[in-house]
Amino acid sequence: MAEFLIRNGYVFDPLNGIEGEKLDISVRDGWIVEKVSRTARVLDASGKVVMPGGVDIHSHIAGSKANCARMMRPEDHSKDPEPKTRYARSGVGHTIPSVFTTGYRYARMGYTTVFEPATPPLKTRHTHEELNDIPIIDKGCFPLFGNNWFVMEYVRQGRIEELAAYVAWMLEATKGYAIKIVNPGGIEAWRWGGNVRGLDDRVPNFDVTPREIVRALCQVNSLLNLPHAVHIHPNCLAEPGNYQTTIDTMESVRDIPIRGHPIMHVTHVQFTGRKGWSWPDVRSGAPEIADYVNTHDHVTIDPGQLIFTNVTWMTADGPAMFALFKLTKTKWFNADVESETGAGVVAATYKKSNYVNAIQWGIALELALLVKNPWKIFLTTDHPNGGPFTAYPRVISWLVSKDARKKLLDKINKTAKRRLDLPGIDREYTLYEIATITRAATAKSLGLGFKGHLGVGADADIAIYDIDPPEVDPAKEYKAVRKAFARAAFTIKDGRIVVKNGEVVRAVRGRTFWTRPQVPEETMKTVIKQLESKFDDYYTVRFANYPIEEQYLSASRVIATSEGA
Amino acid sequence: MSKKISESVVCTFCASGCDDLEITHNRRTVDSARNGCAISLSRFASIRESRILKPLIRTRGNLRATTFAKAIDRAARVLNNSKYPLLYGWSQTSCEAISKGIELAELVGGLIDNTTTSCHGPTILGLQDVGEATCTLGEVRHSADLIIYWGCNPIHSHPHHTTRFTVFSKGRFRKTRKDRKLVVVDVRRTDTAKLADKFIQVQPNGDYELLTALRTAIRGEEIEQDSIAGVPVDTIEETADMMVDCEFGALFFGLGLTMTAGKHRNTEAALALVRDLNYVTKFVVIPMRGWFNVTGANEVTTWQTGYPYAVDLTQGYPRFNPGDTSAIDAIARGEVDAALVVASDPVSHFPGAAVKHLVEIPIVTVEPKWTPTSEASEVVIPSAILGIEASGTIYRIDGVPLEARKVVDPPAGVRPDVEILDAIINRVKKLGARR
Amino acid sequence: MANLIITPLRDFKIPVTAECLSPDFVAGKSLRDIELTEVWEGNRRVKLGSLFRVYGETGSAPGDCTIRISGNVDAVRRIGFEMTEGSIQVEGNAGMYLGERMRGGSIVVAGNAESWLGTQMRNGQIEVKGNVGDSVGGSVRGGTKGMRGGTITIHGDCGTEVGAWMRNGTIRIKGNCDLYAGLHMKNGTILVEGNSAGRVGAHMTKGKVIVLGRMEGVLPSFQFEEIRSNAKAGDEKIPGPFYVFSGDVNEDGEGKLFARVSDNPDLKWNERFLER
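Chains as they are written, first to last, in the numbering used here: chain A, 1 to 565; chain B, 1001 to 1435; chain C, 2001 to 2276.
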């Protein structure tokens, strides 16, 4: 019975309403408990902030497209090697870290759960192989559905129950966690080098519209009572002005009954939050989008904060990647996946002096500052598209301090600065709100009832940061805040100390979460028959070889769908 | 012994990943195999031939049978004592085994390289400069109306390629041979070329110039010469038109590009041509990889170290620079002082200058069958054949992962690679790895 | 000028990585400190003093230091890494990555040098009396930034891809060069006094490659421009006449190739375009 007591820290636990109170946290055998015995080891957290371990809802860390990116970019790796230590395997970092380095770098920031947000079902075995290898953090992945042939056919025929059974079958077959949609219908159009132009464009050869696909999958989400919302990357990402598509996408599912949590999560909205007709003229669509989010409860968003640095774009949105590649002329990887989806990877750089980049940077921050309720907006950089996840502390410093923002605003493209609302926004996040957007709200959105908080029964995933709230005003001492979030004083995973003073001192194995929704047996039988009859026509692998066995995951944990309610 | 029929078995020979094999077998032997190509069927038929049945250590000049524990111990000592060990092979074993190999390479401080280094390494180097517009093989089957085979002969190297994926396959949008055009580019009229609608004979070592000329032609720019690499400019312009006018083109290339003058620049030119074509139509490229899990070796090595092959872990962190960190070059310069060879036969395949040095250093071989490399080794550990006697993950040429499953038991005492490597790792740790 | 003399104690087979063999590192250090510096020999950390005899003296600033390596160091890598001043003289053969990311100072090699010499060099001078391997003055794998300043002079022959991704500076090869001189060149000048094996200037966008000997074929993505009476390499005017080609058209490039008329009878057919 391994016990310890975290004593005297300033606890920020938004899911339990604890806002900086001095509290002791008791841990036994990997869980938070009511109290521990007198022989428990004591960890003194005096003068420090104690939060639940970070929960990242959207970060491209594993799978085929991440690996295509790594393979394509040796020059990215050679700048940032990670030598082997007594506790840690070697690797490489920068924009697309190798798997061991990924786990260590998240843990160093006090993060303990991360989700890979887009995996092509046919190749999801690959995603799991990588997730298995990522040390320390708990994880999961979202399979892609928005361009899938079976999905589009069910949608065209209006067979929602069978669609639900198919999705249930797929989530179990791929050991996936949630429904992900990327550019619905657009990636199928990319088969012929095209794209869709909006929600009501017809997908070539399938006679459905993106709107129909999105609505049907949201209905399925409700029917199956999945723990997370439908996670969506809207159409038109590479259009200069696309914010209206984002709003229309959110609006398109407003009427679908929800079951205790939002029906839709729109991701990296900065990329689809621009206003205007041409690149030299883009503006921020953040005020309109924030306004929508503020007045509607069926959606949540994350900004996908841009960082002025070298990045790698990677997404299932093949056509958008090619369109953007043509602007950068660097290098481009494309990997369409038969009958299902695609992927694109491009090497890129964001510069402060570049007008569009500066606007995008501003859009992301405006979104975070204008959405009033921190339970509706989560901290992401859409790693590695907006920037590397190791930049989260920097983003935190911008959110908590107007001075920090001003310092950078003075360096960005002047026209962009003039055209953004950002300079005039005074809001500064509190530490409580930071805890919300980096752990509490994300855990809640994912339906992981035992994560993102420090109440009794939660997993003992805890982050302790070197910030002394009575002494530190984050708005003024944002540099200290940034440093503290970059190197956790302690990171505890399942009740074991894995990081001390920002260094990995122990590598543990994390779990992979997936869902197994239930549908009527008869419907499932019917759907499986349909799959078996069509499979050889659609795929070049056999039906028997497609599903992934549970033993494949090195540490599997099924999340029952009723937990999500 | 009772017979069983295993269906949907994944073949582990070439990288096409055919997974529709039907094997009739009992616990220890294969009776018959159906649906595979001739090479695949003969592979199943010959699993008992030339097997190494016991661990061996070279004693007083000859390889003599020993126990597993002693062989593992000797293997661990060879690697531990080495200042510049090479861990090579990997393309005919599972991803799980490769992962162990990387762990071992990091533990002993060595180079880890796979057969990419002598075949499609240039493809990867090319994509590191250009990228790659590709897709899974099913997309080609469904959509491609133009197929180009360049510097490869799939009729012999990947016998089911044309029937499963290209001209003879049935896709959603292309149903018969009539729906596709086939172009073959090669230095001689191969059996695959005999099937082509258009055969282009290119001068040996002239592929780079021809690819460059095609890029120029598709841009509508004028080529000033009358012929390039033995191909008349008119033919080049016709071919460029075919490429531009198709709805979905697919280029497959093999060693004819990767191993002729220019190597990775040849592949760079092919990748750049396909990229350029995407400005005007839809075009993809898929390299014709040889061994059934060379793609897997690249994938695992990349996600664990950042680099796909020729990885140097001697200084405690991954470095990558083929020519420096690659097996053939490091051996030929006489730098490597010990080698672990898993599922490969470098003594047969490496150039003479490298083999000369290779046979002078202690080699530990992990291998199912007798090969010249095992004959030259100091330690030989017999292993189970993946996809027949052992299970594991493999990656098809196009990056689709498959579970290759065990069908029969290996010969008594013969273990899967994963177990053998695990044992070496544990022994190295016990002996006190230097790091 | 303070001379530090480094003599290899034996022939190295296992690669040695010795970035400390640079004026910037040795400046102000005692001989003892230098001997105790750890370097990699394969996968072992060893003291420099166990591989080399170290004697002489060091200056207090890099600019005052000369390092003389008396012997063959083919297997010693990264000599002169990121040096900013001072000089290195290798009295035998030098290993890979010589002068990588150099910013100033000079390196002279009496023998041959291995590949990746002067990778991403910013300034300074490297001179090799013998032959050199591939990728002189080039970039790292997957990178797009080669040499951007300084001068490299090779008296013998060089391998493939000399000046790959070059952004500026001058490379002079007195012997012959292998395939792909000036690959992906962005700017700068490469002068080959001997013959070039071909595919010169592949993917170049700017800069110039001058070949005084035979240029083996011109890529189809280059277009004949004119005959010029001479070519300029830095301040030097080299008498021609030269066939001048422009390209790489496939990259919308405006780089220039100069092939001396007298040595390139196989290129004479281009003269038909002179009437235009």
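Honestly, the hints are just simulated from the structure, not real lab data.
Among the hints, erroneous ones may be present.
[What the hints assert, rightly or not] Here are the computed lysine-lysine pairs in the BS3-like style, where the Cα-Cα straight-line distance is at most 25 Å: (1) A:326 x C:2206; (2) C:2047 x A:329; (3) C:2237 x C:2268; (4) A:351 x C:2237; (5) A:84 x C:2186; (6) C:2047 x A:326; (7) B:1178 x A:534.
Small disclaimer: the values here were computed from a predicted structure and weren't measured.
A quick look at each hint next to the structure:
This hinted pair checks out: residue 326 of chain A and residue 2206 of chain C have alpha carbons roughly 20 Å apart, not beyond 25 Å. Under the criterion of a C-alpha separation no larger than 25 Å, the hint pairing residue 2047 of chain C with residue 329 of chain A is inconsistent with the structure, at around 47 Å. A threshold of 25 Å between alpha carbons decides the hint, and for residue 2237 of chain C with residue 2268 of chain C the separation of about 23 Å falls inside it, so the pair holds. With a C-alpha separation of about 40 Å, the suggested pair residue 351 of chain A and residue 2237 of chain C falls outside the 25 Å cut-off, and the hint is violated.
A hinted pair counts as satisfied when its Cα atoms are at most 25 Å apart, and residue 84 of chain A with residue 2186 of chain C does not qualify at roughly 37 Å. Of the pairs offered as hints, the one joining residue 2047 of chain C and residue 326 of chain A is violated, with about 51 Å between alpha carbons and a cut-off of 25 Å exceeded. Of the supplied pair hints, the one linking residue 1178 of chain B and residue 534 of chain A holds, its CA atoms being roughly 23 Å apart against a limit of 25 Å.
Checked against the numbered hints above, the structure breaks hints 2, 4, 5 and 6 and satisfies the rest.
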